[in-house]
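Visitor: Got chain A; can you put chain X on it based on the hints?
Note that the protein sequences, when read in sequence, are chains A and X.
Each residue of the first sequence is one higher than the last, beginning at 1 in full-length UniProt numbering.
Each residue of the second sequence is one higher than the last, beginning at 1 in full-length UniProt numbering.
Simulated from the structure, these hints should not be mistaken for laboratory data.
Honestly, I wouldn't trust all of these hints.
Pairs count within a copy or across copies, as identical chains cannot be separated in the list.
Listed below are the simulated DSBU-like cross-link pairs for lysine-lysine, each with C-alpha atoms no more than 30 Å apart in a straight line [claimed, not checked]: (1) Lys219 x Lys23; (2) Lys52 x Lys91; (3) Lys23 x Lys52; (4) Lys124 x Lys6; (5) Lys26 x Lys219; (6) Lys4 x Lys219; (7) Lys376 x Lys355; (8) Lys219 x Lys39; (9) Lys422 x Lys353; (10) Lys26 x Lys62; (11) Lys53 x Lys23; (12) Lys26 x Lys6; (13) Lys275 x Lys355; (14) Lys124 x Lys39; (15) Lys124 x Lys4; (16) Lys26 x Lys53.
Number of protein chains: 2
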Amino acid sequence: MEGKRKIRIGILGFGTVGQGVWKHIKEDRAALERRLGVKLELVRAAVSDLSKKRGVKLAKSKLTDDPYAIVDDPKIDIVCELIGGTKLARKLTLRALANGKTVVTANKALICEHGDELFTAARKEGVHYFFEASVAGGIPIIKTLREGLVANRFPLIYGILNGTSNYILTRMEREGLSFEEIVGDARDLGYVEADESLDLDGWDAAHKAVILAYLAHGKWVNLDEMLVEGIRNITARDVAYASELGYKIKLLAVIARNFNDETLSVRLHPALIKKGEIMAQVDMVFNGVSLTGDVVGTTLLVGRGAGQDATASAVISDIADAVHAIQGAPGPLISEEDEDIYRQLGEGLTLAKPKSVESAYYFRLRVRDEKGVLAKVTKAFSDAGLSVATMIQHEEPSDGSAVLLFTTHVSNEAAAAKAINKLEQLDPVIEAPFLLRIFNAPEM
Amino acid sequence: MEGKRKIRIGILGFGTVGQGVWKHIKEDRAALERRLGVKLELVRAAVSDLSKKRGVKLAKSKLTDDPYAIVDDPKIDIVCELIGGTKLARKLTLRALANGKTVVTANKALICEHGDELFTAARKEGVHYFFEASVAGGIPIIKTLREGLVANRFPLIYGILNGTSNYILTRMEREGLSFEEIVGDARDLGYVEADESLDLDGWDAAHKAVILAYLAHGKWVNLDEMLVEGIRNITARDVAYASELGYKIKLLAVIARNFNDETLSVRLHPALIKKGEIMAQVDMVFNGVSLTGDVVGTTLLVGRGAGQDATASAVISDIADAVHAIQGAPGPLISEEDEDIYRQLGEGLTLAKPKSVESAYYFRLRVRDEKGVLAKVTKAFSDAGLSVATMIQHEEPSDGSAVLLFTTHVSNEAAAAKAINKLEQLDPVIEAPFLLRIFNAPEM
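For reference, chain A alone in the conformation it holds in the complex:
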């Protein structure tokens, strides 16, 4: 390897993923160096607490509690931003880009909130910003979308993008247990992020959906323009009834573009999908993404969406692309040209009105088990314009209530909201009505 250029890497944040990246680069350095035609040096990692015990032990000289000792070190070529969060991470990323460094990140929240600014900064500085690890961990979804399927436009992208909620839903389904009974295990296993709302209320997957929507359609969607619902309110009974009807419940991101009226819908919510769908077999911590391209048809990718090793694998593949870019390869995304591409991709595209999005629905109601209640409920549905497809009633003798479960034929969000409103107002309805969407995957 004499005479090979040396590429120096600094890591911001030495948590699970940072340690994984360090460990795997160290272990596989020879193979990676051969593959990339350069020498690699892990310069140092920045942490907030030097005294904390970590699985991967570093010499004192390799650890710093000053992140600027990385982003301002003129010798460092590639900065891996693995601290998470959006404030310090944004500041350090902008500084690293301004210093001419290539940045690799796994930070979906940062890209979702500040992608436009960060991409513009990278473009301005003539450097690159890589983020394969930010969506679906080890699944090379960004590369597939941007390079492998470059010949395509994408009417539909959907998938399971949050491993934690998929783990909880899978165990609820397999064991017939409630959300509360499983979520504790997920916490114990370290699957739930410190900010639990990211996993349990859907925000983590929503961030990823926003990134995919931008890459496929050139449009940044604000989280507050999106329908985002998590899995907290799903009960064991919902899962069991869905199963009876031939469905599983999965937390799905759905990115649908209508090329006729040029509207884009980006949403994140639990949905019933048919058990026979491959996506329904994506269980436990796995992620899955289905891409329907106008040329290639449907391609589906399944793999580990999180965890030290899978995420490290994605970060290292970005480091490999970064090494290529530093050696003069045209980057995959960020250049003046590409800005044009994304702008043109999104040109004339408007967000679909959430109320107009179509779906079939599943409703759960708790009612006082009294005469005439069913007539009232079904009238509420029909007044809202919803047509009932299936119904089942579970009586609960202990308190004289009953749980009613319905599915409807395809309608839209406006009608569903109207139905919820009407049902809420019915006197025998004693709990807030609960709704799930039924997602009908197109024929592959």
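Guide: Just chain X now, with coordinates in the frame of chain A:
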């Protein structure tokens, strides 16, 4: 687009895929040109018969029956070799490379047989040779293996790589029909290649397995060193009994590397896989590939493995990479450096002895329905060292024969061959004994 470099493309072969590539580049030219930052010109296509009617109509000036008018045209930058076969295709590819052109191909047989020579030629000329479309059609498996999962070594790669046989097996399973009853439909639909043996005897998928094995392990495996079995001898009864036991039958390529003793096993045969596996849900003309990497864990890709549009999508993604390479990007594969990589990947690696490969087995026997036959058959198994796991007997009153179906516990190919040999010699066995392997996918 003023001042943008013009990249000129010539196409050898204007069959299904060639027409698909032409059509999609023409239709999506503006988007592709924006994306690639160049202008694209489709110069001409070479065919063997100018008078043949084709779905995609070209002006006379765009068609030629002289392929050298493409490979020798100094203006052409990228040659797409889509004629298939290995003789003329090899000659034209070598000539195009020698003329300094970048070549894109979908020709798996050519790479399987002459990959080493072609890669060396490309390297020598300092040009690139791209072949994403040669394996698994629209699934970006080559890119995933070489770039997306660059941080990994691969103990196991397996999958469904031939859409035609998968179509036949899927319909046999769904409709309970025989191979003979379905294969005619597959022919009518144009799914079966002119050389039927490619699809029905497994050679097409074997070619693809050889390419994946080289990319993952740096070793060219000769077809005659491989176990290659197609699907012709599978009966409706095999499919039904497999189903009873919880399995589907799929034609699988299996590429397994043991990093302890540095042996590589590459094989292609029908196998029973558990219905619950995602791979078992890959039905009809779809392909699926499962990659287990030492860092990322298991990633699975599913998509259209063949057909005009899916293959065109892959060819166009290679054209995009070719455009990048022509503009100075380091290529993904072929350079002096990379030759080293692949040589080193394969260094010290030997092919596993076929007889040592382990598996559980399924056997089908037809016997005369007479006293003591079961004792003889089970003795043959135990003499061969095989331990029976399940057995079922179907009597056929019409001719006094019976069909015996067995599964065994895990053993190896040597013991299975010994069992076949012993069973053949038993007097009551009136048909050649038939064997299938049972593939136990590792935990994802």
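Visitor: A separate judgement is required for each hint: does it hold in the structure or not?
Guide: Taking the hints in turn, this is what the structure says about them:
1. In this assembly of identical chains, the alpha carbons of Lys219 and Lys23 lie at most 30 Å apart only when taken from different copies (28 Å versus 36 Å within one copy).
2. In this homomeric assembly, Lys52 and Lys91 come within 30 Å of each other (Cα to Cα) only inside a single copy, at 24 Å, whereas the closest approach across copies is 63 Å.
3. Taking identical chains as interchangeable, the C-alpha atoms of Lys23 and Lys52 lie at most 30 Å apart only when both belong to the same chain, with a minimum of 18 Å there against 60 Å between chains.
4. Proximity of Lys124 to Lys6 under the C-alpha cut-off of 30 Å is found in both arrangements, the shortest distances being 25 Å within a copy and 26 Å between copies.
5. Taking the closest pair of Cα atoms, Lys26 and Lys219 come within 30 Å of each other only across two copies (26 Å); inside a single copy the shortest separation is 38 Å, beyond that limit.
6. Taking identical chains as interchangeable, the C-alpha atoms of Lys4 and Lys219 lie at most 30 Å apart only when they sit on different chains, with a minimum of 26 Å there against 41 Å within one chain.
7. Taking the shortest Cα distances, Lys376 and Lys355 sit within 30 Å of each other inside one copy (25 Å), while across copies they are farther apart (71 Å).
8. In this homomeric assembly, Lys219 and Lys39 come within 30 Å of each other (Cα to Cα) only across copies, at 25 Å, whereas the closest approach inside a single copy is 38 Å.
9. For a Cα distance limit of 30 Å, the shortest separation of Lys422 from Lys353 inside one copy, 22 Å, qualifies, whereas the shortest one across copies, 71 Å, does not.
10. For the homomeric pair Lys26 and Lys62, the shortest alpha-carbon distance inside one copy (13 Å) is at most 30 Å, but the shortest distance between copies (54 Å) is not.
11. In this homomeric assembly, Lys53 and Lys23 come within 30 Å of each other (Cα to Cα) only inside a single copy, at 16 Å, whereas the closest approach across copies is 60 Å.
12. When the C-alpha separation of Lys26 and Lys6 is checked against a cutoff of 30 Å, the pair qualifies only within one copy, where the shortest distance is 15 Å, while the shortest distance between copies is 43 Å.
13. Taking the shortest Cα distances, Lys275 and Lys355 sit within 30 Å of each other inside one copy (27 Å), while across copies they are farther apart (39 Å).
14. When the C-alpha separation of Lys124 and Lys39 is checked against a cutoff of 30 Å, the pair qualifies both within a copy, at 28 Å, and between copies, at 25 Å.
15. In this assembly of identical chains, the alpha carbons of Lys124 and Lys4 lie at most 30 Å apart whether taken from the same copy (29 Å) or from different copies (21 Å).
16. Taking the shortest alpha-carbon separations for Lys26 and Lys53, only the intra-copy value of 19 Å comes in at or below 30 Å, while the best inter-copy value is 59 Å.
Against the hints set out earlier in the document, no violation occurs for any number.
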